Amino acid sequence: MPAENLRWETLEALKKTAKAKISFDPYWSERGEDILAGCRDVLSLSPHSAVVLERLGPLPPQTSRSFLGSGSEDSSPGLSDETSASASSTGSIPDINGRSSMLYSAPPVRTESEQALSDEVKDEDTDVSDVPSPVSSPVISLLSPKAMETAGQILKFEEQQREKAKMALKRRQEVQEKLMVAVANSESEQLKRFEEFMELKQRQEYQSMRDMMDRETKESIGRQEKLKEEQRHRMKILNLRLREAEQQRLKEAELERQRQADGRERLRNLNTIQEEVLQLNQLLDPSKQSKAQLPADCLSSFSTRGNQLCSQVSEVVRKTAEGEFPSVDDMTVAERALHEMRALIRLMQEEVAKAQEKKKKEQEEEEELRKQKELQAQQEAQKKAEQSAKEKAQRKGLQNSAEDSTLKWYKELQQSAAQCAQSFEELNSPKDAQCKKLKLELQKAASIPVSQISSNSGSQLQEIFDKIDKLLSGRPVMSGGRSVSTSQHPQGLDFVCYKLAEKFVKQGEEEVASHHEAAFPIAVVASGIWELHPRVGDFLLAHLHKKCPYAVPHYPPMKEGTSVEDYQRILGYRVDDSGVEGQDSFLKRMSGMIRLYAAVIQLRWPYSSKQGSPHGLNNGWRWLAQMLNMEPIADITATLLFDFLEVCGNALVKQYQSQFWKLILLLKDQYFPRIEAVTSSGQMGSVIRLKQFLESSLQSRQISPPKGQLSATFWRT
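Adding 8 to a residue's 1-based position in the sequence shown gives its number in this note's numbering.
None of these hints come from the bench; they were simulated from the model.
A few of these clues could be false.
Have a look at the derived ranges for each label pair, beta carbon to beta carbon [stated by the list, open to error]:
1) K478 to M243: 48 to 54 Å
2) W723 to G587: 44 to 50 Å
3) K478 to R354: 17 to 23 Å
4) H523 to L248: 42 to 48 Å
5) K478 to P614: 15 to 21 Å
6) R697 to Y615: 23 to 29 Å
7) E323 to P438: 18 to 24 Å
8) Y615 to I578: 48 to 54 Å
9) S437 to Q591: 43 to 49 Å
Below, computed lysine-lysine pairings styled on DSS-like, alpha-carbon distance capped at 25 Å [claimed, not checked]:
10) K416 to K368
11) K662 to K596
12) K368 to K445
13) K699 to K670
14) K419 to K445
15) K368 to K419
16) K478 to K419
17) K209 to K419
18) K511 to K596
19) K234 to K244
20) K419 to K244
21) K236 to K514
22) K452 to K478
23) K236 to K23
24) K699 to K596
25) K24 to K234
26) K23 to K226
27) K444 to K511
28) K174 to K186
29) K186 to K164
30) K567 to K511
31) K444 to K475
32) K209 to K244
33) K444 to K369
34) K174 to K154
35) K164 to K154
None of the values given here were measured: they were computed from a predicted structure.
The C-beta atom is built at its ideal place from N, Cα and C for all residues, glycine as well.
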């Protein structure tokens, strides 16, 4: 059917009308208009719609024209009436006829109306509104069924469009509501942010105000603390000044007490000096020197000078009679007077000793002249016996005693030591308490430092050396909390030299015998003292030869009339009420003294300006050569040779080199078999040690330095 073919064209034409296009105005709400205001206009058809209607069916031209004529009117009520008339089964025929006549009167338009309809559809806006058209009176439809169907389709299409419009409107309303909700939420969030921002600004202002208040509080507290600190500082300075003032006062009081104590000490010393000067002056009294056999003028001069020195001391004492303490200068004058008085006494005693010695010498000469004739025969017989013994020993190649020069040296040392012991007999056997006390103090001052010698440190060893040197130089030293000096007694220096040498040898006899390494610190101090004070060295050798005659070397023969115990004492054995000491103890003591002697030979005091030891290595060579020229003694010879070579062998190698090795080779090849020949099976210990030492030394061509020898770093400790 042609009407069905034009259905979609009709719908397309209606869609392109002005009413079919619902425009959206975003500002309709602000103007107060209804959103469906554009859909409520009266629908009307343009005049060009007649072409479409003519194609819908074979209606009479009049009807079509009347229908189109009603649509040609540009009023929406006409189109609404025709639509309602075709949809309704009721109506008046006169109305339709009237309308038909109106449509008929419209001029027919064909092609131009179609073109106009097409343009009208493009230009006009068709809108489908849900506003109902005004109800017209029921009319009888004069349209054909196709026209009615088309009209129904149009109405249905309009209804669909209205539903679509409603749905679109509903969706648009939902979108608008969502948009409004979003806008409201956004505004609410912005309001919250604004409130938060304002609250933040308020908190910041409050915080800044609190910070400012805290800062001001801190500044105030800081100022208060600063003021407190300044106050504390001022109090501290004030306390320091008070403390310094108190310390100064205490220091001045202590100085005053010290000055008083020093003054009292000087006063006591001055009284002691005056007492000693007066006592020494009594020794210068000519009435007490009647037995001295000195010239009268000499005694008078000594007495006069002694009285002058007493007057000097009395003058110093007289200054302190008014309660004042003697000054340092006064003490210097008094001490100088005391020293001069002692020197005067020593000079007088020397003169007396010379006179006594001269008298004794004269007596001895007379006695010698008397006995010379009596002993002449005995001497001649003894010389003959000695000559025969020497010739016999020379034939055998060895001697039984030391050389004449060695024996002479040995006897001179013993005689010097005996004379020294005799010179201080008065001090050694004191009668008054003061002299006895002085003897004990001098003996302690000499023996205690030697007992303190050890290898702990070089500085300690130097302090001991300085103390001994100071004592021997006549200067006062502290002993037992008191000051003591050799100048306090005329025989004080001889006594100290003798006792000091005796103590050195005793240390070798006891300390070195137990600890071989102790020989070196003792020997280096003894060597230094020997260099500065040669008399101590002579006495040391005398004591050493007396206790150990093998250090000469000398094998004392047993003389007629000498008891076995006395002869054992001469050989060096200790003899007491319990009997003679054992051989092991005897060898141990002899070993200690030989080791000390071997250490003294090679050592020198490191702070001395001289070169070499005062009793040098040539004495070691002499001792060793003379030992090899004498017949060996069982046990003793092997022990002493081993100890001597172990301590002094390294130094002798450096000094004599090849000559020393020749001597060692002679000892091993020729002398050692003699030692083995005189040694029993129970005394082979020392012989085996000596043999091993000689073999190892000759094999390596060197002798190791002795254990315990002081190194250069020791003196920096």
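Hint by hint, which ones does this structure get wrong, listed from lowest number up? Violated hints: 4, 6, 7, 8, 9, 11, 12, 14, 16, 17, 20, 21, 23, 25, 26, 29, 30, 32, 33, 34; rest satisfied.
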